[in-house]
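Going down the list, the sequences are from chains A and B.
All residue numbers for the first sequence refer to the numbering used here, where the first residue is 263 and numbers rise by one.
All residue numbers for the second sequence refer to the numbering used here, where the first residue is 263 and numbers rise by one.
The reader is advised that the hints may include incorrect statements.
A pair holds if it fits inside one copy or across any two, identical chains being indistinguishable in the list.
DSS-like cross-link-like pairs, simulated, lysine-lysine; straight-line CA separation at most 30 Å [stated by the list, open to error]:
1) LYS569 to LYS458
2) LYS531 to LYS458
3) LYS265 to LYS528
4) LYS591 to LYS265
5) LYS569 to LYS437
6) LYS285 to LYS272
7) LYS470 to LYS265
8) LYS265 to LYS569
9) LYS437 to LYS581
10) LYS531 to LYS609
It should be emphasised that the hints constitute simulated quantities derived from the structure, not laboratory data.
Here is how the chains run, residue by residue.
Protein chains: 2
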Amino acid sequence: MFKINENYLKLPGSYLFSTIGRKVEAYMEAHPDQSVIRLGIGDVTQPLAPAIIDALHLAVDEMAEAETFHGYAPDLGYEFLRRAMAEGDYQARGCEITADEVFISDGAKCDSGNIQEIFGTDNKIAVCDPVYPVYVDTNVMAGRAGTYDPAADTWSDVIYMPCTAKNNFVPELPKETPDLLYLCFPNNPTGSAITKAQLQEWVDYANKVGAVIIYDAAYEAYISEPGIPHTIYECEGARTCAIELRSFSKNAGFTGVRLGATIIPKDLKCGEITLHTLWARRHGTKYNGAPYIVQKAGEAVYSQAGKAQLAEQIAYYMKNARTIYQGLKDAGYQVSGGMNAPYIWLKTPGQMTSWEFFDFLLEHAQIVGTPGSGFGPSGEGYFRLTAFGSYENTVAAMERIRQI
Amino acid sequence: MFKINENYLKLPGSYLFSTIGRKVEAYMEAHPDQSVIRLGIGDVTQPLAPAIIDALHLAVDEMAEAETFHGYAPDLGYEFLRRAMAEGDYQARGCEITADEVFISDGAKCDSGNIQEIFGTDNKIAVCDPVYPVYVDTNVMAGRAGTYDPAADTWSDVIYMPCTAKNNFVPELPKETPDLLYLCFPNNPTGSAITKAQLQEWVDYANKVGAVIIYDAAYEAYISEPGIPHTIYECEGARTCAIELRSFSKNAGFTGVRLGATIIPKDLKCGEITLHTLWARRHGTKYNGAPYIVQKAGEAVYSQAGKAQLAEQIAYYMKNARTIYQGLKDAGYQVSGGMNAPYIWLKTPGQMTSWEFFDFLLEHAQIVGTPGSGFGPSGEGYFRLTAFGSYENTVAAMERIRQI
């Protein structure tokens with residue numbers, strides 16, 4: 263008789279955003295006359311930029327003729343896109359990353375969930391708290407998290423690194439030594455950023471203790487201040503300890519187009535084995551390449567026109583971020599983030615729990631946000647709003663909040 | 263210090279098709295004047311059908327306007343495509359599969375590699391021999407295969423079900439009882455088909471011993487004879503024992519477009535736990551949906567125009583299949599397949615090993631095929647050619663084979 267993966271049964275409840283979706287749906291069914299503003303899930307709302315649309319149409323036309331048709335893509339990605347990323351995201355910043363260290367994928371969520379597969383199940387992971395749930399949940403599924411304590415909302419084998427107002431939402435080095443360290447900066451969900459000097463400390467630490475940093479740079483394009491690293495490879499020594507995850511979702515609006523990349527420097531080794539080889543084997547065996555037309559769209563992100571149009575798109579969202587930040591401040595909330603990230607992190611008022619505030623905000627202002635506790639125990643009492651709505655909706659949401 | 267997944271180190275050599283790619287590249291570099299005909303990897307060559315191209319352009323245009331832009335897709339797929347598949351592939355054939363039992367993905371390779379994740383590592387798998395390498399390799403990576411015996415080319419914990427000329431390339435029920443049974447019909451690599459009565463035996467067996475059948479139906483569109491099941495759900499009782507994998511690669515030329523689906527009936531349970539719930543959780547946590555534009559292209563496959571155009575495309579490839587089958591027969595080869603599948607399976611001549619024949623064919627006829635031994639020990643002494651080339655190349659290839 264077949265046996266299921268029992269680790270799945272340890273997962274409490276369902277995936278955070280599915281739960282939110284169901285709650286919102288139920289509210290809308292009960293109140294069909296109300297207009298709900300969604301500032302919860304980090305989904306973009308602006309259409310794809312014209313340069314990307316052009317690239318997509320061109321690529322579709324290529325698929326219509328035998329001479330220019332593209333079948334299976336190279337498992338690891340087309341050279342044109344790997345090179346565009348290596349040059350545009352790394353070499354242009356003085357970072358030593360080559361095209362063959364870039365692995366193209368269908369998105370950073372998949373990569374951040376799959377990357378743990380190339381590590382043994384006996385590795386100990388450390389995560390920021392609060393944190394993007396995928397890092398923890400996928401390690402639970404793989405049997406790496408131990409047992410769940412519902413009262414504390416923690417896993418016995420996971421090292422939590424609290425990010426609170428006290429440390430300005432940037433964690434301290436953990437007391438217990440981890441093997442795998444998940445870091446995401448600019449941060450989801452808190453919107454906090456890390457300075458290059460701070461990140462260098464993490465790189466030095468990882469090299470010292472022999473840990474791998476899985477660095478999620480999905481929000482890099484939103485950095486507006488100097489001194490904030492756009493990639494972990496700006497730090498010395500990162501090539502021997504860091505994997506970087508890149509997304510096209512937030513810098514180019516590809517949430518529904520699906521494109522991402524994982525960078526694994528060839529210097530990152532366990533004894534003689536490079537992680538580069540293991541990930542290449544994983545990709546070659548369990549993945550079949552991102553669609554040609556999508557990779558061509560990705561290439562357009564690095565074109566002159568694409569860059570200019572996407573800069574405008576990001577400016578649009580960052581105007582929303584400032585609107586939310588200021589709106590909440592004016593309404594008396596304690597608020598952070600929104601400066602180098604599309605996320606605004608606020609303290610729930612009057613000792614409300616995160617989910618109480620979720621219900622309160624949905625009920626009284628018809629605004630959907632994300633409960634901080636959904637991201638981990640230190641997120642309790644906090645709440646995330648995103649800048650990805652339309653400007654009109656964002657202004658309207660702040661108006662509603664002012665009135666409650 | 264971090265530890266790697268040691269299971270990866272057990273894998274011998276690299277992924278079959280990567281090895282072939284490298285060999286062909288080396289040959290072409292050494293013989294730049296020779297024209298190589300590729301009938302090796304199962305990649306299509308015909309351009310996308312007009313109905314699909316139209317759907318792609320339309321969907322791209324939708325992505326260009328805020329009002330019709332699509333961000334994150336539902337994790338499990340858009341309702342329009344799930345319904346089109348449930349109706350077109352199942353209900354139209356009298357099979358009881360509903361839209362919410364269809365999980366859309368970016369391809370059957372990913373699904374066939376990922377599906378094992380929802381099962382415990384202590385399950386025993388059984389595979390046909392020869393077999394598509396992904397089934398075995400992904401179980402090796404998960405630690406389910408035991409140790410490798412290089413002399414026998416077998417894994418200690420895998421049950422092999424030989425498919426040879428003696429059983430007409432359809433396996434007998436295994437002597438040892440498996441927990442997970444991988445079946446693929448019409449078969450890759452042998453091109454053999456299974457009758458409905460034969461498949462019913464497997465379904466009855468699986469229900470009796472409590473095994474799950476993972477049924478890969480990627481080549482279903484190539485069935486030309488009556489009495490051959492197009493889906494395992496044509497068999498009674500399949501809803502309590504079978505998962506089906508569907509691909510858009512071979513029926514619609516989506517190898518570079520990337521779309522597939524996994525069907526998990528809600529009746530398929532381990533105690534009270536449905537596999538449907540586990541796969542939904544896996545998809546929701548580790549996957550972020552197939553691209554909107556690709557799902558719209560998938561919908562076009564089920565339109566009137568799409569169906570008519572794709573029937574022509576399949577007829578084109580099947581003409582190639584007959585050309586290869588007859589060409590090889592005429593040249594004195596022992597050959598099977600090619601009737602309900604785009605694969606032709608031939609016995610290597612003169613006691614040559616599969617790889618010897620690979621080199622021989624590349625050297626003397628500049629034809630790339632796939633060595634049967636790459637698919638498992640019982641594939642030794644066999645060789646696979648595919649019908650996915652152009653008709654002109656297929657005819658030319660047979661001409662070359664006649665002359666060696």
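Report the numbers of all earlier hints that the structure fails to satisfy, in ascending order.
Numbers 4, 5, 8, 9 and 10, in rising order.
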